[in-house]
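Residue numbers (our numbering), protein chains in the order written: chain A, 8 to 239; chain B, 107 to 896.
No lab work stands behind these hints: they were computed from the structure.
Fair warning: there could be bad hints in the mix.
What the hints assert, rightly or not - Which residues of chain A face chain B? A partial, calculated answer using Cβ under 10 Å: (1) G59; (2) L113; (3) R161.
As the list claims (entries may be wrong) - With a straight-line cut-off of 35 Å between C-alpha atoms, the simulated DSBU-like cross-links for lysine-lysine are: (4) A:K19 to A:K221; (5) B:K675 to B:K594; (6) A:K70 to A:K229; (7) B:K737 to B:K762; (8) B:K461 to B:K123; (9) B:K414 to A:K126; (10) B:K305 to B:K745; (11) B:K113 to A:K127; (12) A:K166 to B:K414; (13) B:K504 to A:K166; (14) B:K504 to A:K168; (15) B:K504 to A:K63; (16) A:K127 to B:K121.
Every residue, glycine too, gets a C-beta built ideally from N, C-alpha and C.
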Amino acid sequence: MIKIENLEKVYKTEEIETTALNGINLHVKEGEFVSIMGPSGCGKSTLLNVMGLLDKPESGSYKFVETELLTLNDRERSNFRKRNMGFVFQNFNLIDELTVFENIELPLIYNKVPAGERKKLVNEIIGRMNIVNRSSHFPQQLSGGQQQRVAVARALVTKPKLVLADEPTGNLDSTHGNEVMELLCELNETGTTIVMVTHSSHDASFSNRIINLKDGHVISEKINKGRTEELI
Amino acid sequence: MFKLNLKIALRNLWKNKGITAINVGGLAIALAAFILVMLYATYETSFDKKLPNYKNIYLVGRIYPDFKTNYTAPPLAKAIKQNFGEVEKVGVTKAAGFEFALSKDAQVFFMKNCLILDYNAAQMFDLKPSGGLTEPHADNRLMYVNNEGMKILFPHKKDNKPEIVAVGGKSSGQTATISGTILTNPQSNLTFDGVAIAKELDTYLDYGYNNYNTYIQVKPGTDIENLTSKITSLYRKELLKGETDQSTINEIKAINVFLDPLKNLHLKPKAGNDANYKVLIAISVLGFLILVIAGINFTNLSIAQATKRAKEVGVKKVMGAFRLQLTTQFLLEIFMQCFVATLLGLILAELVLPKFNSLFMVDLTIWRFENNLFWQLILVLIFITIVAGLYPSLVLSKFNPAAVLKGNFSTTKKSYWLRNGLLVMQFTIAVIFIIGLLTINSQLKYMRTQDIGFNTNQVVNIKNLTYFNTAKDFEPLREKVLKIEGVKSATVASEIPVGAENGSNSYSIEGQEANIEFLDVDFDYFETLNIKVKEGRSFSKTFNADTVNSAILNESAIAKYNLKNPIGKIIRGCNTDYKIVGVIKDFKTQGFQEAVKPTIYAMKNPCGNSKTQILLKIDEQYMTSALAALKSQWPTINKRDGENFRYEFLDELYGKLFKKQEQLQSVFFVAALITIFIAILGLYAFAKYITNGRIKEIAVRKILGANDIQIFKLINTSFFVMVIIANLIAWPLAYILIKKWLATFAYRIDIPMLPFALSAFITICLTVITVSIQAKKAVKSNPVDALKYE
Numbered sequence: 008m009i010k011i012e013n014l015e016k017v018y019k020t021e022e023i024e025t026t027a028l029n030g031i032n033l034h035v036k037e038g039e040f041v042s043i044m045g046p047s048g049c050g051k052s053t054l055l056n057v058m059g060l061l062d063k064p065e066s067g068s069y070k071f072v073e074t075e076l077l078t079l080n081d082r083e084r085s086n087f088r089k090r091n092m093g094f095v096f097q098n099f100n101l102i103d104e105l106t107v108f109e110n111i112e113l114p115l116i117y118n119k120v121p122a123g124e125r126k127k128l129v130n131e132i133i134g135r136m137n138i139v140n141r142s143s144h145f146p147q148q149l150s151g152g153q154q155q156r157v158a159v160a161r162a163l164v165t166k167p168k169l170v171l172a173d174e175p176t177g178n179l180d181s182t183h184g185n186e187v188m189e190l191l192c193e194l195n196e197t198g199t200t201i202v203m204v205t206h207s208s209h210d211a212s213f214s215n216r217i218i219n220l221k222d223g224h225v226i227s228e229k230i231n232k233g234r235t236e237e238l239i
Numbered sequence: 107m108f109k110l111n112l113k114i115a116l117r118n119l120w121k122n123k124g125i126t127a128i129n130v131g132g133l134a135i136a137l138a139a140f141i142l143v144m145l146y147a148t149y150e151t152s153f154d155k156k157l158p159n160y161k162n163i164y165l166v167g168r169i170y171p172d173f174k175t176n177y178t179a180p181p182l183a184k185a186i187k188q189n190f191g192e193v194e195k196v197g198v199t200k201a202a203g204f205e206f207a208l209s210k211d212a213q214v215f216f217m218k219n220c221l222i223l224d225y226n227a228a229q230m231f232d233l234k235p236s237g238g239l240t241e242p243h244a245d246n247r248l249m250y251v252n253n254e255g256m257k258i259l260f261p262h263k264k265d266n267k268p269e270i271v272a273v274g275g276k277s278s279g280q281t282a283t284i285s286g287t288i289l290t291n292p293q294s295n296l297t298f299d300g301v302a303i304a305k306e307l308d309t310y311l312d313y314g315y316n317n318y319n320t321y322i323q324v325k326p327g328t329d330i331e332n333l334t335s336k337i338t339s340l341y342r343k344e345l346l347k348g349e350t351d352q353s354t355i356n357e358i359k360a361i362n363v364f365l366d367p368l369k370n371l372h373l374k375p376k377a378g379n380d381a382n383y384k385v386l387i388a389i390s391v392l393g394f395l396i397l398v399i400a401g402i403n404f405t406n407l408s409i410a411q412a413t414k415r416a417k418e419v420g421v422k423k424v425m426g427a428f429r430l431q432l433t434t435q436f437l438l439e440i441f442m443q444c445f446v447a448t449l450l451g452l453i454l455a456e457l458v459l460p461k462f463n464s465l466f467m468v469d470l471t472i473w474r475f476e477n478n479l480f481w482q483l484i485l486v487l488i489f490i491t492i493v494a495g496l497y498p499s500l501v502l503s504k505f506n507p508a509a510v511l512k513g514n515f516s517t518t519k520k521s522y523w524l525r526n527g528l529l530v531m532q533f534t535i536a537v538i539f540i541i542g543l544l545t546i547n548s549q550l551k552y553m554r555t556q557d558i559g560f561n562t563n564q565v566v567n568i569k570n571l572t573y574f575n576t577a578k579d580f581e582p583l584r585e586k587v588l589k590i591e592g593v594k595s596a597t598v599a600s601e602i603p604v605g606a607e608n609g610s611n612s613y614s615i616e617g618q619e620a621n622i623e624f625l626d627v628d629f630d631y632f633e634t635l636n637i638k639v640k641e642g643r644s645f646s647k648t649f650n651a652d653t654v655n656s657a658i659l660n661e662s663a664i665a666k667y668n669l670k671n672p673i674g675k676i677i678r679g680c681n682t683d684y685k686i687v688g689v690i691k692d693f694k695t696q697g698f699q700e701a702v703k704p705t706i707y708a709m710k711n712p713c714g715n716s717k718t719q720i721l722l723k724i725d726e727q728y729m730t731s732a733l734a735a736l737k738s739q740w741p742t743i744n745k746r747d748g749e750n751f752r753y754e755f756l757d758e759l760y761g762k763l764f765k766k767q768e769q770l771q772s773v774f775f776v777a778a779l780i781t782i783f784i785a786i787l788g789l790y791a792f793a794k795y796i797t798n799g800r801i802k803e804i805a806v807r808k809i810l811g812a813n814d815i816q817i818f819k820l821i822n823t824s825f826f827v828m829v830i831i832a833n834l835i836a837w838p839l840a841y842i843l844i845k846k847w848l849a850t851f852a853y854r855i856d857i858p859m860l861p862f863a864l865s866a867f868i869t870i871c872l873t874v875i876t877v878s879i880q881a882k883k884a885v886k887s888n889p890v891d892a893l894k895y896e
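Just chain B, same shape as in the assembly:
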């Protein structure tokens, strides 16, 4: 019997080749999308998952009344280890924070992201250096570079012996010993291209040096809430040691500690950015909805085809087939199609994967058994078969043989509603995607064209290892650089204004205290970036005080302190009294998602960070020659970097801030295309059935005198109404969703109305065209042919 059923199924599918192709093809596309989403979701959710103590590792962070941070100071680690038995291990890590060159003869490897960590942290994160992880001696750090670096530095290396390399410019005379290579894992919260492992990390420092990450590994079953509060009191107690100033004591008492589990660190850290998580959720929902749409197509077309299979059901029932047999038969048929679709989907996914990988900057592969894809696919296959096939197979197997064999058979009103409902749902989803896509486009366009308050064009950021903490340190470099033709201005600052986090500290004006950000700059900083001075003046060499205690505030800071006449007022912070000499207009250093933070700019700041970020404004015309001159002269201009002259364009760096939104835009673009494509495919096939079912009616109408236009109108009306309904349902949903999305931007467009109108226009046009193509056949056919069948 299976053989005969298979024959019936195959011959049926072959007879309806077009519909079958639409059904299977649409599903294959949806499954390909879904496969990519699953791969991505698995990838994003399994960071560090293979670590033996994955569930017991926590990052220790701090909460201040107005901010949260993952950074802690080294003594905290020691205190935790000494005080709490349930903590098995405490590890400390620190990013080197700057890029430097390692060189051997002519070979140079630029270490962009060197991670410094202690032996405990290396154990916790299961680091695997060549020759195995060994505990370093107290006064020695073991340095390892990734394979790529080792290949560059020692292309012919075969043994595991340590090697000596130069650090920075050759004339700087610094060397380091590389103990071997280390495997890097892109799926880890610890990213690096090289590491330096110490026995213990900077334990001599005090609680002021919050530049470290502290990880703890607890015993299984530890009460984390309890431990959190215990660490909080320990931390406060440590900070309070020797404090007498009441306001400082009050401040300390407001500080809390949090423990962030390892499994949350990548996607939704307590302190930090959860953009990855949002993107993941967004594309998971998209992937699922696409699958739903394809499933709907399947259900719809299967029900539509039911009429054609009714006779078969009747005959089989008459011959004694049980209903269960028939239900199983139809489910199997649908399963077969789903199975083929899955195989096609895998092939499609494989083809699209390289593009997907480059868009999301990941390295996913399908053909790896550990990634769970296979059992997930089997589950999806079963799920789709049941969702798409159960209802049609129940409907089909339910047919009353006495009725269908007489030939006076029509699908019931009930499935009519279901089918139309499903069609409306498909279009609702498609409309939401179109509106979403158009809105994302508008917001991105706004971000690209809006004035950001400063000019990143023709500004070059030069990589540098030297500290230029005072104006005097930087002056010689500036003089030399300005001699090169085309260099208009040169400055140095502690951070570049493209998404970097500034430090923050408490400052007071006239007794009013607030936590604001600080940035340490040099002369010509505002001029180089073309930032407008709103009141007062910029830093100038003519005022000696500027290098000591002059400050410039931005508009947001003025607003925060609610100052009327800020110029000349004193702002106190970090044991220094600064005189406000100017107010600048706000500029968006963090892109568009975060509001500009109140910031103080000064040239001297005892609590500040080292000034290392050199920024040059270079005339476009002389850009190439100026960069070439800089490169050749750099060894004399800046000894530490020497021949390793490297630079980046500020506008390109700023563009990276839009990366997540651009990813989202691409995903929405593809998702919208796929959903519309699948929905239209479904509509096309569905309209064909509807029209076929009405051929007799159309013939009768034509004989009674209906013209072609009237027939077109007749067939289109119900579809037209459905698309309108879909739009009406989609609009409020889309409105809520885009409102939520736009709310993640501090600077955003008003919700535009055009996407709503446009999506209606697009869907209506596509529907009318699709349906009319089908209707044309019915209209053009000879009515006598249709009626002859009676």
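In isolation and in its complexed conformation, chain A is listed as follows:
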């Protein structure tokens, strides 16, 4: 589904140039759960941002199914993103002024889903995420784990083809972290493609394939046998 070729990204400040991505090649198949690992500053977050169309690389190619995404303008990128992608962040990034229901509803609004259907979709996902009795609470009234479930719900409510997760368990304790990982696995099992950046090899063990980055290069790729077998 995703074909990334020769991706290069350089960060420039007044004095230094930092090469974040240095000729990355990466293919992701539909229905795959890919983890990206590597030390701090290896470029994994940059890669995820580029995949999420939040950042523009200097050169290379990024094909989603058969569409080249790097030549799109801002408006087309926004449109593509809201139709095809969902995001889960380390620090949840829920809007503090909106309730759980409203936070989850937000992407549907941007996708111009009619109000009646929005309600149905949001209630459906709230049920699935087991946060029904929290739907009128504000984010600060929830625990970290609950907040991240809301964030996952928000990422999924549009039924995206691709979910991008940036250290989704980074701010959670292990119990809550595992809950979220299991959630992602269930999701993956229903056919959603997931790309996740993580530090934790425990989290990575939930995925089909683990890609190791260092200094902007892919240095190794490992098929997670256990998981793949499970899939089969």
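Please build the complex by placing chain B on the supplied structure of chain A, with the hints as guidance.
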């Protein structure tokens, strides 16, 4: 989506209640000020604007080499009408010039300002007497009084029939017919409490009677410059008729005519006083600056709040919001706040309006659709929204989602400079206002305490209709009045020395000619006003010549003629040779704005004006009893006024000369207060954000051993520097402005240095206090709490 955005906005505003209140409240105050300024400006600039021929009416005036005047003589009107086809109408007006009583039985109405005008002028100014404007017969004047007067004279009148009233004292036996009432318009250049309309006005008079105003109405598209020069040559030609004296001919050839359009007459007449215009400009600038300051607050706080909204922007962008959507959202949010501020501003303005009206002696109302306020407000609302909201909404919508969602986000250096720049600008304006206010105070104090050269205390000016043109005419009255206990002296003059315009004429001494002012007085004039004689003597009954051809000059006149030993010299004017018997010290009859004019004082002056202004010096102790005695005896003392004894205290009249300055002082006082208040509000909120943003830094410093004082210093330093910079920028600007303002006074203080130091002191103190209140919270907080968030 709009609903959700609205929710986000409202919840956000609610969460930051304090800041929101400061933002909206500050703006509301500024808008209230601005609304008042707009109302006032509209009022002042729309005098006579509703007249059908507003754009085509001009006042005809004359320019002499050393003065300009709006007064012309009646024959000029006739000549213009006969000679120039482009002039459609010529109207003549004249102020009655004195106050008189109209009475019916026990009811008395004092007509203070009766306007006499011809039918053409009444048409031009669209006068609306009851029963409609009709053309009077040639030998008959139609007299109308305002509604108030009619109500006093005929409280039960229902019909429109003319009524007969007595004029002046009852024993004087004069009557007049009042044809009805007339609407008065405070927004007109013609002000009156009653009018007398004639078919034609005093056309039998010659060119010497320059006591009239001539208005012309021209055809649309007339070349005014050309017409002006044509009227000038016509006027010269008329004056030159039968003149043979070469010097007079030369003088006439130097006279020009000007045409002053109606729209300029109220605010900036060619001949006359443009103080209203200056006040209008001053308060317009003030109103605008206050609005700018409030706008700056808005921008500043919105940018400061940007950090808090960054996550929202990031999330929305990730979900596919376009930048334009976000920009619009933030603009709408700011618009909402501005809208609420406008409503509050209207309420505030309504509350303050009565005070404003009494200060400026106007009658403004907000709730009148014709006054343009509503569309002006809508424009201001849009303007403020764009000015205050555009930059923050662009900054906010520009955030890079990848960066802000990671949480490692800080507002850029660029907006740091902008924010500080705006803060400095706010304080610069505040400092200028403080310096302005303090300087105005000093000048007014100077004006109130400075020796004006004469004494207005215990001097009473009595309203009078009788002419006392010779000393003999006045003597019986003086004798009777002096018999009353407490009356120390009595005199009569052609004008009172409190801002009245004296006449002027050409006088020569030893062949040296100059145009100087003249004032016709009587015995005891200088004594009554306590004016000091510098050389020679005052007028005295022991010198018979004094009632005929003695003159006293003031110091300025002596200086103008450059006389060494003036006493005994002859000064010639108005076909009379006067012998100078004394020189008096200058006294400031016009207040402090105009220099004392060279003036000649004489008891007999063939070219002079009638002596009607009675002045009495009364002992303070006997003031009440003396006034009561005067009132009861007045019918026998002065038949024409009879029972209508009215008086004013000279010191109160003199105080009115300061009215404009006092208005300015009040306006500056309020403006300075508002600007400082808004600026401090803004600073307070701004300091809060800055401090919040530095909580981590402060925590780290405290852990490393910084004490409270050091932290206070740390937070205060940047604000302190900004206020100093604001003062440094403001000082030269304020210096230039107050120098310009002081230059409008002939008698003024030197530019004082104290206001500059004081404004710095005030702004620095307020800043340090405001910032420290915020800093205290950061200093007192537990550093561990701040660092735990990592």
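For the pair supplied as a hint, K675 (chain B) and K594 (chain B), is the alpha-carbon distance within the 35 Å limit? holds (32 Å)
35 Å limit on alpha-carbon distance, applied to hinted pair K504 (chain B) and K63 (chain A): Between K504 (chain B) and K63 (chain A) the Cα gap is close to 15 Å, so the pair holds against 35 Å.
Please work out if K305 (chain B) and K745 (chain B) have their alpha carbons no farther apart than 35 Å. holds (32 Å)
Is it true that the CA of K504 (chain B) sits at most 35 Å from the CA of K166 (chain A)? Holds: K504 (chain B) and K166 (chain A) sit about 28 Å apart, inside 35 Å.
Is the straight-line distance between the alpha-carbon of K70 (chain A) and that of K229 (chain A) 35 Å or less? With Cα atoms ~23 Å apart, K70 (chain A) and K229 (chain A) stay inside 35 Å; holds.
Does K121 (chain B) sit within 35 Å of K127 (chain A), going by the straight-line distance between their CA atoms? Distance of about 30 Å is within 35 Å: holds.
Does K762 (chain B) lie within 35 Å of K737 (chain B) when you go C-alpha to C-alpha? It holds: about 25 Å lies between the C-alpha atoms, which stays within 35 Å.
Would the hint linking K414 (chain B) and K126 (chain A) be met if the CA-CA limit is 35 Å? With Cα atoms ~29 Å apart, K414 (chain B) and K126 (chain A) stay inside 35 Å; holds.
Check whether the Cα positions of K504 (chain B) and K168 (chain A) lie no farther apart than 35 Å. holds (27 Å)
Is the hinted pair K166 (chain A) and K414 (chain B) satisfied, with a Cα-Cα distance of at most 35 Å? holds (30 Å)
Agreement of K461 (chain B) and K123 (chain B) with the hint, judged by alpha carbon distance not exceeding 35 Å: holds (31 Å)
Could you grab the alpha-carbon distance between K19 (chain A) and K221 (chain A) and see if it respects the 35 Å cut-off? With a Cα-Cα distance of about 19 Å, the restraint between K19 (chain A) and K221 (chain A) holds, given a limit of 35 Å.
Against the hints set out earlier in the document, no violation occurs for any number.
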